[in-house]
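Here the protein sequences come in this chain order: A and B.
Here the first sequence stands for residues 1 to 401, where the numbers follow the working numbering.
Here the second sequence stands for residues 1001 to 1486, where the numbers follow the working numbering.
Among the clues, some could well be false.
Stated by the list, open to error - Below 30 Å or equal to it, Euclidean Cα-Cα: the simulated DSBU-like pairs (lysine-lysine) are:
#1 Lys-1468(B) / Lys-119(A)
#2 Lys-1383(B) / Lys-1405(B)
#3 Lys-1371(B) / Lys-159(A)
#4 Lys-25(A) / Lys-46(A)
#5 Lys-161(A) / Lys-1405(B)
#6 Lys-159(A) / Lys-1405(B)
#7 Lys-1350(B) / Lys-119(A)
#8 Lys-18(A) / Lys-374(A)
#9 Lys-65(A) / Lys-1468(B)
#10 Lys-1350(B) / Lys-65(A)
#11 Lys-1252(B) / Lys-1218(B)
Claimed, not checked - Over 10 Å on every C-beta distance to chain A, these chain B residues come out as not near it, computed from the model:
#12 Gly-1097
#13 Tyr-1177
#14 Asp-1249
#15 Ala-1259
#16 Asp-1311
#17 Ile-1394
#18 Gln-1396
Read the hints as simulated data drawn from the structure, not as lab findings.
Heads up, the beta-carbon is just placed ideally off N, CA and C, and yes, glycines get one too.
Take a look at the letters that make up each chain.
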Amino acid sequence: MAEGIRDKVVILGMGCTKFGERWDKSGGDLLVDALTEALEDAGIEKKDLQAAWLGVHIDEINIGKGGTYASNAMHLPFIPVTRLDNFCASGTEAFRGAAYGVASGAYDIALAIGVEKLKDTGYGGLPDSPAFGQEMVMVGPNATAPGMFAQLATAYAAKHKIPMERVKEAMTHVSWKSHQNGAKNPRAHLRKAVSKEQIAGAPMVAYPLGLFDCCGVSDGAAAAVVCTPEVFKKLKPNEPMVKVKALQIAVSSGEEAAYDRWDGASILTTRAASKRAYEEAGIKDPRKEISMMEVHDCFSITELCTMEDLWISPDGGAPDDILNGFFDLDGQIPCQPDGGLKCFGHPIGASGIRMIFEMYNQLLGRWPEDRAVKNPKFGLTHNLGGVPNNNVCSIAIFGVD
Amino acid sequence: MVGITSFGGYVPRYRLNRMIVFGSMGWLNPVIITNARGEKAVANFDEDAITMAVAAGMDCLRGIDRSGIDAVYFASTTAPYRERQNANIVAGALGAGEQIRTADFSASLKAGTTALLSALEFAAANPGSRAVVCAADCRLGKMASTQEMVFGDGGGAVAVGDDDVIAEYKGCYSVSYDFVDHLRGANTKYDRMWEERWIRDLGYQSFIPEAVNGLCAKYGLSPTDFDKVVYPCYYGGARKKINTMFGEDPSKVQDDMLATVGDTGTAHPLLMLAAALETAQPGQKILLVSFGSGCDAMWFEVTEAIAKMQDGRGVSRWLARRADLDNYQKYLVWRGMAPPELGLRGEVDKETRWSLVWRDRKSILGLWGGKCKACGTQQWPAKRMCVNPDCGAIDQFEPVYLADKGGTIFSYTGDMLAASLNPPAVYGTVSFNGGGRTVLDFTDCTVEDLAVGNPVDFSFRIKFYDPKRDITNYFWKAIPAVEEVK
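Isolated chain A, as found in the complex (with noise of 0.2 Å):
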């Protein structure tokens, strides 16, 4: 069994730019500010930075295929810099990326960084792409994302034998709750509280998901530099550490679109991929030993799936575990501290980053008290591209000392 990756990496420093309708910014103005800020707070200049890679999902219609434009809008100097699409895991790729190429000792410090501009693609909701291929193009369904997602719900209700209208409860509270986290966040998109009536009776997008059990469609990016811990000591003596304590990728193999075994309300790359990382992170039980949470609410259903595919909720438990509070800030996981998805938008490259921006800030201690999580130990992010019978999932585990 190899070593993995627990506490060979530490973030040396983060920036992330308000998420939201950037009409006044280019995707590489964007990857300037959050560059601007991870070197600030990483204490750095541009020219330690040693490696960088790029997270970017719809490459054509905003800052085009390769690394050249990124490194051309930061002006990096002269240094490897690799694009990486992994759907919605992109930016947790990219952070991968980096953390893997300073734990393999080929640089001292690398830069992480991920980016979207999906406003300027005039779509609500994400574009329409033959993220599948052409061989999809001519026999799916003429489906999007929330449709797709929408069909967990269907499943879940089926096979658990809960009544939609309880299901239904659940993605509702699981919105209402991220919708209080973001207001009091100044980086969200999406800065107002809602209340559950306006929720549960929004017009619906698909069947069962309403408009506000979606996430938004976004500009932003964020950065990650990271480095060795040794390299960290030098750098910034004294000062407590974010350390990588797990970084996990699952992919579908193409059982779930296409083999009898899979359930339709679970997602198997999330339970392959968590397993994985408490493994590599020394974690034996989740529910106990997470501290807080971001995860991949691209709608409410799959926060709620995500629930259980995470091992925290017992399967078929998450609706009754979200009703009882115990994800609300003030509850025993905090999930989507920030706001999640839900009010910050998805660009898509960028989000995985961001929520790693999160549970930085958090470990370390930053935020105000009204939205800070009580003593954390160990922060989650899990990131969920493609669409439940086929997708990649991100898990990565941090922790500080």
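For chain A, the structure is supplied; the task is to place chain B on it using the hints.
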């Protein structure tokens, strides 16, 4: 003995009450009130002549081994392709093999019966062979035209051969004239017609008797000898007059379905024939006559084997499965007569890669999956490696035609965000009976019609249309299982 071995029909789910058309368009042409009775069948937005021909063919071929099909003929005046054989798309969807004869019959409303004659002659010339004829039309009249009132959409299909014959083919008589009652040029979308009384009097009222009398003279029969008479003619007065040829019993004359379906063009004689065969009795003589640029008159005699095929196939269950198309504007949008705003998603350029379509033709056209010879797992699509994680065998598939297997709903949704001509776009995951699953578009239903575990059938539909290159792409969708009508 060569003859009909099976039959099938298809009527699309949506019906437009003709008074709705009159209510919307009567201001422009009040005379359309004369045809404003009953309802007409309207193809769904994802249906056309090919899909309806396939639906009728699937109905006809229920329980019949596809590997025994030697020819597939397609008849329509509204075929989507002028170059690319439409019959091959139909044949592929029906699960027929590839070493077969195919042909398109077109340009005349009697193309359906002409295709049937050709199939019978094919069967007679090739003992032991089987042929399938599928006819469908989706004709358009301009807004507020007689054609708009009269035309309906639908399909009919007939299988022929010399084994298990349910209605023996006894003979035919054809007349062919360049009689231009209707016409549509190569670049025209809408039907154009000449003066109606002329069509009625010189057309129907003279050619149909000419063909019937010609047949009778040829075989020493009298028109009154027939027990069931099937012919299209949407002029009530002319129909009454022609009916007198066949004797006193009006029940002999097959209902023309004008009040329930409308005139379905090339398909109409075959659709009416399918309805007639649903209740035909052994020993009965059936007369089938088409109309359009002349007539084909055909004589069949029903055999004892008919009972085997009176199992729900035909027209009744399609007629029973109906839903109101409650507004005229929807009809206009579905038929491409009014351009709706579908948002950016409706403008996505989907280009067809023909080499890919060729490679995947079996799984796209016929929904062919595979059964793994190593572990027995049925799956779709069958690529190279078995999907069973405990197996993973490579290139070990036995092909399985899944289009007629049906399935059950595993999950579903109704999506208001997706571009659709009938929002919300309904789709979901379907488990194939016998194993395997995939995500499919649903059609002919609303979200409220669905529940996890409900049975579905598969229906060949337009997957997407590429207006830039004038390409219609087809694939299978799920529809709520069509109930049997006995």
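For each hint, the structure was consulted:
no.: 1; hint: Lys-1468(B) / Lys-119(A); in the structure: 27 Å, holds
no.: 2; hint: Lys-1383(B) / Lys-1405(B); in the structure: 20 Å, holds
no.: 3; hint: Lys-1371(B) / Lys-159(A); in the structure: 27 Å, holds
no.: 4; hint: Lys-25(A) / Lys-46(A); in the structure: 21 Å, holds
no.: 5; hint: Lys-161(A) / Lys-1405(B); in the structure: 28 Å, holds
no.: 6; hint: Lys-159(A) / Lys-1405(B); in the structure: 24 Å, holds
no.: 7; hint: Lys-1350(B) / Lys-119(A); in the structure: 22 Å, holds
no.: 8; hint: Lys-18(A) / Lys-374(A); in the structure: 24 Å, holds
no.: 9; hint: Lys-65(A) / Lys-1468(B); in the structure: 27 Å, holds
no.: 10; hint: Lys-1350(B) / Lys-65(A); in the structure: 21 Å, holds
no.: 11; hint: Lys-1252(B) / Lys-1218(B); in the structure: 22 Å, holds
no.: 12; hint: Gly-1097; in the structure: 22 Å, holds
no.: 13; hint: Tyr-1177; in the structure: 44 Å, holds
no.: 14; hint: Asp-1249; in the structure: 51 Å, holds
no.: 15; hint: Ala-1259; in the structure: 35 Å, holds
no.: 16; hint: Asp-1311; in the structure: 30 Å, holds
no.: 17; hint: Ile-1394; in the structure: 14 Å, holds
no.: 18; hint: Gln-1396; in the structure: 15 Å, holds
Checked against the numbered hints given earlier, the structure satisfies every one of them.
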